[in-house]
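Q: What follows is each chain in one-letter form.
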Amino acid sequence: MTKRANFAVSVLFILFLGAAFVWNLILPDKAFSESENRYLQTFPSFSVSSLLRGEFTQKAESWCADQFLLRDRWISLKARLELLQGKKENNGVFLCEGERLLEPFEMPAPAVTDRQSAAVEHLTQNLKVPVTLGIIPSAAELYREYLPEGVRNDSQRAAIDRICTRTHTASADLLTTLKAHKEEYIYYRTDHHWTSLGAYYGYTALSEALGFTPASLSSFDIRTVSDAFCGTAYSSSGFFWVSPDSMQTFLDSPQELRVLRYDTDVPVSGVLYDETMLQTKDKYRFYLGGNTPLAVIETGNTDLPSLLIVRDSYTDCLVPFLLAHYSQIHLIDLRYYRESISDYVESNGIDSVLVLYSLENFCTDANLALLAG
Amino acid sequence: MVFSTVVFLFFYLPIVLAVYYLSPVKYRNVWLFIANLVFYGWGEPVYILLMLFSICLNYTSGRIIAGCRTEDPKKAKAVLAVNTAVNLLLLVVFKYADLLAATFNRLTGAGLPLPGLSLPIGISFYTFQSMSYPIDVYRGDARPQYDFIKFGTFVSLFPQLIAGPIVRYKDISDQLDARHESIGQFSSGVRRFVIGLCKKVLIANNIGALWDHYAAASGLTFVGAWLGALAFSLQLYFDFSGYSDMAIGLGRMLGFEFLENFNYPYIAKSVTEFWRRWHISLGTWFRDYLYIPLGGNRRGLPRQLVNILIVWALTGLWHGANWTFLLWGLYYAFFLILEKVFLIRFLQKTPVFGHFYTVLVAAFGWMIFQLDDLASLGAYWRSMLGFGGNGFIDAADIYWGRSYLAVFMIAVLAATPLGKACYAKFSEPLRSVLTPALVGAALILCTAYLVDATYNPFLYFRF
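These protein sequence lines map, in sequence, to chains A and B. Each number in our numbering comes from the position in the first sequence (counting from 1) with 72 added on. Each number in our numbering comes from the position in the second sequence (counting from 1) with 629 added on.
No lab work stands behind these hints: they were computed from the structure. Certain hints may be false.
[Stated by the list, open to error] Cβ-to-Cβ under 8 Å is the rule here; a few derived chain A residues that face chain B:
id: 1; residue: Thr74
id: 2; residue: Asn78
id: 3; residue: Phe140
id: 4; residue: Gln157
The C-beta atom is built at its ideal place from N, Cα and C for all residues, glycine as well.
The following block holds chain A by itself, in its conformation from the complex (with noise of 0.2 Å):
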């Protein structure tokens, strides 16, 4: 090594690490990442106490790197050259033909699905009204061919019939019905929801089990919303060059239409479709407005019967679809809604209940054995 490349090494290496010291310190902390949809570490405040339980440390490490500067260029950067080693994945997103993210499955052990439908199963055995059990499928189904061969990418169909078969709720097929409609725009490619299109079409596999006649997809007025949704597939895979899905409504929000959110004890008035949202990240909490322990919506339509909806967050834009049939339809979310269901179905007339959700929730959401409750 000649002098002039020690130094050039030297001062390389000092410029990159104190550059980035001092910038780091310099930019103003950030105390919310949108991609990341969590709050950052601000640097922590400094005290005898959380020093010795080793707070002070740990919080200090995550303020380093939730501060880092360029943060979203370098988890770009580290997805691309991922992909440059002729992986197909990062973080467990995959990139598929047609810009399509998608997460493969792995089936959880028969146990705890078979703990998810005794769950069920209490329900109905409590109730007098009907019960529909409806299980959403994820992308990583339909389109598997998509996936590279050998990945491990269970089959929701086994999934869905098992925990279908293990209980007498009558259930209905979603799966064969989107399948049907693969090649429509039903999934959106950088996000785990469907679209509202697959919406659509999942109603119609409802239909049956809920007992009207669904409208015909002709009858909808159909408006995009927004074509910037980037979804999360779309955050933790960092492939932050693919293209934004595009989101649709195919009704207008009726004009005697009311929402009540009971985000707390008093409810305050909702909307179905929140426009605030189309600015922010998370997109998708435009269908009503995110997530809430328990909305009422009053259709306006006074003669029809009442719906429960258990729901995960899919439920939100297919709601728009399924109030030309119901006078009310109560959404419950058992993440946040602790009472009991039995009770809330005789207090407030509920004529029949539907369990929605997706495979992935249904699977892994610990909150389901409230159904027994």
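Based on the hints, put chain B in the right spot on chain A.
A: Then chain B, alone, in the frame of chain A:
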């Protein structure tokens, strides 16, 4: 603290280096001592007290031994014995208490509560490092250190504190008194550090995902078992030698020269040679402080074989608090004894076979090292031997093999001295341009992987 983190690389290290070089020479050891304690206490601040106790203990013993080793050798010997015992006791309490209590319970049916102490990082390394000092003083191999700060700096020196190399006091005693930092040494330190960082971040962590997959996979095929075993063999080498490279590099940036710890172990042609190339500082330590005092090879072959057995049982256990590590040590003792008795003469005649055999022994050995219990070890070995009952290869193996082919090839190449030899063939002017460019590129790539490791999308909104 760990080297391959954002906080170390972009906060701790710039501050340590800046203050170090801005300080007058006589305060540099003081600053290093403080920096070492911060580094050590980062994860578990209370264990700084343990570290300080260890420093005081060995410092005091060293002084007492130095004071009486000529006129009162008996006293010196007694102090040394007590000191060694206390050091080992600390190691046993903090590292092996759970294992011993659980074993005792299992053998006697007693219900001793498990102490459940969290393992102080690097205790195996710094205990060995600091207890060698009074021994060296007793033997007259090292002059006693009267400056507490210097001694404390030696024991807690952050570059090799938590994963070696195990630096003996006598090897760096002169450097504690006077170091002559230079730009040449600093630059070679940077190059070495960056090489180590790449080994750890780009290769070890990367190929580690392949091992993680196969360690958890069910229905292991023959090819799958070997992909996993080789992935782990490479992961461990690049992880550990990368750490040693970073330690040596950081040492040079601060003016220290540590001895080498790895020398391309996977090119060895016998297990004996493998262990002269793998974790050299540990082998040296056991040789100097256990094997030779036990008589080494000077008391006849049977005694030598017993000595090998003792040394390797303890070497195994040193690696972790689980009886599988004892088994792993004895596994190596078996091959070393075999070679000592007759095999080595044969291996020297057939280097290609020797090389093959060494890699096989290592790969099977790492499975003892890494799998937690004998049942999973048995299942894994069966698959490696083709008796797993899950066939030769399946589609998943092809997928995983293809995904990691590039890393695998880079790793295999980088485990040999070929790359280094090729680079040395480049002309001096070319290397002078290429080296800084490579260092810069490597830093950028490693930063991308380090930042990504902290990327943690909160996907509860997946609901």
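Q: All hints are to be evaluated individually against the structure, with a verdict given for each.
A: Here is what the structure says about each hint:
1. Evaluation of the Thr74 (chain A) hint against chain B yields a held restraint, the C-beta minimum of about 5 Å falling below 8 Å.
2. Here the hint on Asn78 (chain A) is kept, as its CB sits about 4 Å from the closest CB of chain B, short of 8 Å.
3. Because the closest C-beta pair between Phe140 (chain A) and chain B is about 5 Å apart, less than 8 Å, the hint holds.
4. Using the Cβ-Cβ criterion of 8 Å, the hint placing Gln157 (chain A) at the interface with chain B is satisfied: the shortest such distance is roughly 4 Å.
This entry satisfies every hint, going by the numbered hints stated previously.
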